[in-house]
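Given the coordinates of chain R, assemble chain X onto it according to the supplied hints.
The lines below spell out each chain.
Protein chains: 2
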Amino acid sequence: MKQQRLLVPTLRDVPGDAEAASHRLMLRAGLIRQLSSGIYSYLPLGMKALQHIQTIVREEMDRAGAQEMLMPALHPAELWKASGRWDVYGPELMRLEDRHGREFALGATHEEVITTLVKDEIHSYKKLPVTLYQIQTKFRDERRPRFGLLRGREFLMKDAYSFDRSASGLDASYQAMYEAYVHIFTRCGLQFRAVEADSGAIGGTDTHEFMALADIGEDTIVHCPSCHYAANLEKAIGRITNEPSSLQEASSPSSVHTPGVTSIKQLSQFLAIEPTQIIKSFAVKSQGSPAIVLIRGDLEINEIKLKHVLGVQEVEMLSEAEITALGSVAGFIGPIGLTGCKLIADTSIQGMVNAVVGANTADYHLQHVHVERDLGELTYADVRNVGHGEHCIHCDTELAFARGIEVGHVFKLGTKYSESLGATFTDENGVAEPMIMGCYGIGVSRVLAAVIEQHQDERGIVWPNAIAPFNFHLLTMNVTDEHQLALSEELYTTLQRAGFTVLWDDREERPGVKFNDADLLGFPLRITIGKKANERIVECKERRSGQSYELSVDQLLPHCQSFFK
Amino acid sequence: MKQQRLLVPTLRDVPGDAEAASHRLMLRAGLIRQLSSGIYSYLPLGMKALQHIQTIVREEMDRAGAQEMLMPALHPAELWKASGRWDVYGPELMRLEDRHGREFALGATHEEVITTLVKDEIHSYKKLPVTLYQIQTKFRDERRPRFGLLRGREFLMKDAYSFDRSASGLDASYQAMYEAYVHIFTRCGLQFRAVEADSGAIGGTDTHEFMALADIGEDTIVHCPSCHYAANLEKAIGRITNEPSSLQEASSPSSVHTPGVTSIKQLSQFLAIEPTQIIKSFAVKSQGSPAIVLIRGDLEINEIKLKHVLGVQEVEMLSEAEITALGSVAGFIGPIGLTGCKLIADTSIQGMVNAVVGANTADYHLQHVHVERDLGELTYADVRNVGHGEHCIHCDTELAFARGIEVGHVFKLGTKYSESLGATFTDENGVAEPMIMGCYGIGVSRVLAAVIEQHQDERGIVWPNAIAPFNFHLLTMNVTDEHQLALSEELYTTLQRAGFTVLWDDREERPGVKFNDADLLGFPLRITIGKKANERIVECKERRSGQSYELSVDQLLPHCQSFFK
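In order, the protein sequence lines correspond to chains R and X.
Taken in order, the first sequence gives residues -11 to 553; the numbers are from the working numbering.
Taken in order, the second sequence gives residues -11 to 553; the numbers are from the working numbering.
You may find that some hints are simply not true.
One copy or any two copies: either way a pair holds, since identical chains are not told apart in the list.
Stated by the list, open to error - Pairs of lysine-lysine, DSSO-like flavour, derived with a Cα cap of 30 Å: (1) -10 / 115; (2) 553 / 295; (3) 114 / 502; (4) 502 / 519; (5) 115 / 519; (6) 293 / 273; (7) 404 / 114; (8) 519 / 114.
Don't read these hints as lab results, they were simulated from the structure.
Chain R with its partners taken away, still in its complex shape (with noise of 0.2 Å):
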């Protein structure tokens, strides 16, 4: 293609309210311009990008086996309102009437869609399983959009649902996406891992979060240098082992005056202690109830893995004046001496020695507490979040920490759908049981976002081969000299002939802008077509390492093959 007439608006500046680096660069390299709050039109540098993540996308969905099909995006009201998510969803699902006032919601997601269509159609385990996919404009009404592609009110995504009449039919095809994904991100060329995460409230089992590794990811991942063990925070567990105290050791527990210490920085330089050695006690209440959780006093509460233990959906915290009614204080609540109320200790406190606890007076604490000696017999749970120093289960090596943008998820869903839906097949013996199913996510313009937040850097987009919009950049320094044309017109054609994709700078602009736009564009090769035209010689840079070499016209093309290959 030639730049001169392809709308490929690059810009100077950086827009000021772009926070992530693709979300900058993908409007300095003009790939992508919003239209409202969440919500681009990809221009066609960027719609190339996007549709070889596409094509990546089908062929390995393809070669996993699953059906590509295409469903639409309004939903009439009624299937959200059977599967009971109308009113749940909240307002992320865009609702909208019809002419004639029948409700319906923009899709979100499809389980629904495809859970009738699949009970409509599938009636023996005959058919079974089947994966059935798309790639489909997704409405989400975010709160907070933000980062440009990576959190959007209109966005591209790939969404299969796998059918099954068994738990171990559900576990192999989870398994053909999880590979398939695996290959998918790989090709991309993203740096990832696949991460256990959270089933929360959909209501299924196992799940797994691709996670391409990002600073500017919203989530926490905490992985294993040595084992492969990896998840997201909310689920991630790990190995606590508590050093000895350096407070004095006594026979009990004793007072101390802490007067106006009620939190942990505080308590901490006020005994000259490492947070380490304090535990921190919540309040908190669920389903009416209180309870006093008991924590590390450098680690935080997951609430995720609390409302697990509690076996409940929502967790609050105490007021004060709960507080009081218990007989403690806001800010001095600690394990002993507080009755009617359940103790949840989290195993980061198991083993601790001299500890420090709140006094359930005002201005007071307790220290020299023994955790086993002191505090009865403890419920121990793992509710916290895995904090820094703790060390793999698996293998004991320290956990560490990265962020994450979630590219992809795959999920056990079971029977949610199907039962609330009524997808029944038929068995061998003619009993009617509910399909077991499976979702499978892929962020398809969150992928692009992705790729460029890993692949770029001071100068622009430093595009992996089998996303870039281009493989090469060609570029006329002086489109009016004979030589120098004649040679690109040659160059253009042998190039396209021989299978590449070619954006021929021929624009009448100083070689500087040249320069500048060809890095921030960051197609694998440059080449520059200048004085040694008509000596047959180009120069080639690679976008990635910045090497440079002059290249015979003749050498160019097998250059080219190898470097492609």
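Chain X in isolation, oriented as in the chain R frame:
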């Protein structure tokens, strides 16, 4: 692909509400399923055919120099308000609010979005011309969705928009799209006509509709069998030569008593004359002033032409009271003796002699009317639909009529949107000018239905090679027979390695079921592996010609390669 697990839910029965052949066959062959009125899911086979059409569209658009992009479905209301269409588009435009109460339209077309984008990104004549396109889901809340994919509420469309600096530039862009459309529809195997159409209220000038010929089509095409003239009925023109009257001539009009005779049919029976000897008089009003439209008795008024002639947007029929107020009587209106209203004479009455007209008196007509002699100086205009028997104005051949499905539309928009939305460019002299636009649509999903409408027989679909979901249907008569199974496996692999697509019917079904399904699904070549498998002989049947013949396995591949060349 193997049929056992593929989601191809064929139906034996024709769904009762499906009127169009394509709709019936797409349901029966398991290509689509309805989710809601006018809203469909594409199942795997339908999806494959749809993708083949998309590939053809992309290739031809790219070849014509158009650039692919992708715009959102959610359009901020402000854009539609700026163009003035928010208010005039009516209930076909689906509307919704986001969580913050901001209004959006679901894109029914993208003139507003593309014009705003181009306005922001292109400022100089140097970047023009440019033609941008997308293949994208459109939403139009049709009052009466029908015929399956032919008139849906959510459908796939290719829309393109050209931006030029001059009218001659637009001519060239328009011509490039026109030619691309000819290639696209030809490659899709459609019988079609590019017909002149009325540019209507959109405000453009030239426009052509691409009509796939089909009896189910909602549009009437008038075309000349000799020259290449073809037009939509609303736009078509023809030539009429009036025969001399069979009534005895008289020197002046005379009254005839026609009690209760108010229709052309009654009048022609009552007087024993042809409708071609009667002049119909319609009383209409536009912008408050009345007019009488005169047209030959066998012909119909073309409202669009009439509005053009009157230079108005709306025309109404006069009420009985208004007719009385004019000094006439409903059912007996005529041109003679009426004052205070304009006469508009369709060219079909030119030269009529011995004609019959209403007498403006209850139960009376006038006969022996000679138009030239008795009606004074008339303003002639073409305000009729072309009637049967009219002749081509270019070559005088009698015009023919056909029904068509509108599959494409090319349109010279001019500056309607660039002016209302402020899309200007600066010319060589630094003067700002509005860009001159064209828009070009193809109903991608409608093309799929039109292809099936044209390519089917009583047994099922007869796919054109370029669109067929699979090249081959490989039928194994007895999947429990070792020889048949082995040979099927071998051919399945061989044909796919050779680059063909194969659906292998590996189901445990009776031969009759398999043959019927193969006819219904209608792939170009059916290969049946039966009892002669051990001799390595298969049966090959061409779906279109119905020819079948035996081939040895060695002959098969060369035969297929030449068949699909």
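Taking the hints in turn, this is what the structure says about them:
| no. | hint | result |
| --- | --- | --- |
| 1 | -10 / 115 | between (50 Å within a copy, 11 Å between copies) |
| 2 | 553 / 295 | neither (51 Å within a copy, 64 Å between copies) |
| 3 | 114 / 502 | between (60 Å within a copy, 16 Å between copies) |
| 4 | 502 / 519 | within (15 Å within a copy, 68 Å between copies) |
| 5 | 115 / 519 | between (66 Å within a copy, 27 Å between copies) |
| 6 | 293 / 273 | within (15 Å within a copy, 76 Å between copies) |
| 7 | 404 / 114 | within (22 Å within a copy, 58 Å between copies) |
| 8 | 519 / 114 | between (69 Å within a copy, 26 Å between copies) |
The structure fails hint 2 only (numbered hints given earlier).
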